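Colleague: Residue numbers (the UniProt record's numbering): 1 to 314.
Since the hints were made in silico from the structure, they are not lab data. Quantities reported herein were computed from a predicted structural model and do not represent experimental measurements. Accuracy of the hints is not assured; some may be wrong.
To be verified - Under the rule of at most 20 Å between Cα atoms (straight-line distance), these lysine to any residue pairs were calculated in the SDA-like manner: (1) Lys252 <-> Met108; (2) Lys256 <-> Leu233; (3) Lys116 <-> Asp83; (4) Lys38 <-> Gln5; (5) Lys52 <-> Ile36; (6) Lys156 <-> Asn278; (7) Lys232 <-> Asn278; (8) Lys115 <-> Ile89; (9) Lys53 <-> Gln37; (10) Lys154 <-> Gln5; (11) Lys69 <-> Asn278; (12) Lys24 <-> Ile124; (13) Lys63 <-> Glu153.
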Amino acid sequence: MTITQLQYVLAVAEHKNFTLAAEKCFVTQPTLSMQIQKIEEELGIQIFDRTKKPIQLTEIGQKIVNQSKNIVNEANRIQDIVDQQKGFIGGEFRLGIIPTVMPTLLPMFLNNFIKKYPKVNLIIEELNTDEIIVRLKNGHLDAAIAATPLEEEKIKEVVLFYEPFVAYIPESHAVFDKKEIEVSDLNLDEILLLQDGHCFRDGILNLCKNNPGNSDKFNFHIESGSFETLIKLADEGLGTTLLPYLHTLDLKEKDKAKLKHFKDPKPAREVSLIYPKNELKIHIIDALRNVISGVVRGAIAFQDIQIISPIQKK
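My request is simple: use the sequences and hints to build the entire structure.
Modeller: Structure, rendered in structure tokens:
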């Protein structure tokens, strides 16, 4: 069997379709099918149950796929070893970033990184945390930037910074005159939230889990994918919202007057560079971490904080 054949097996296992797997591998469907048939004949077993739609792995096929992932990853490591020995930092690098970090952090480090490492072809995707975890495990991302801890056994986390939650309170609200607020000042019923799937939303729900509220002030329910929308709704007196600290730096001065910081220890999210524990392309990961840490260090530095988990509590 060959590495290429194992890559074909992994593609079919992921897409559950021979035609789509062939497209992703840039080969014809007959070629891919023939190579998988060869490996099945060599082993004397069936990796896929072709009678089911979509195609399913057999019991032994699942074990072969698990081992194939290890073999393909280790084969890829050979090029990494050569690159590190030569001191070469380049090639394709696929990075995922969660939506609540992308617009603030990416402009801070991207220009510095591409100037310092022009031979790296950085491919960046905005993805939610669940999508990132799946793609890291499937080998479709080399690393990602996300809120942690995630408690994923096969994923390593290296903390980049801690980012406090900041409340955005309209002038009409009862706690507007306070210089600093406490979590107990928040009423979950009044907080305008990001839509489901955002880990920042889950962090807010975890933060306010003891303050469910019983307000009947508003007769609507809205979840948005945009902080800007939530801010505008708060300005109309339709609730309050919470923002990540870096997002508050670009607000207009009149809007900054509505920001309320929490008393110490400030609730905060932990933002980390995450990647598979097999540490493929670790030389590029280290370069990325160093650049980000360098630019963030001057923008955000809080000592007394309380980390709020992004994992949704049941």
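Colleague: Which of the stated hints cannot be reconciled with the structure, identified by number in ascending sequence?
Modeller: 7, 10
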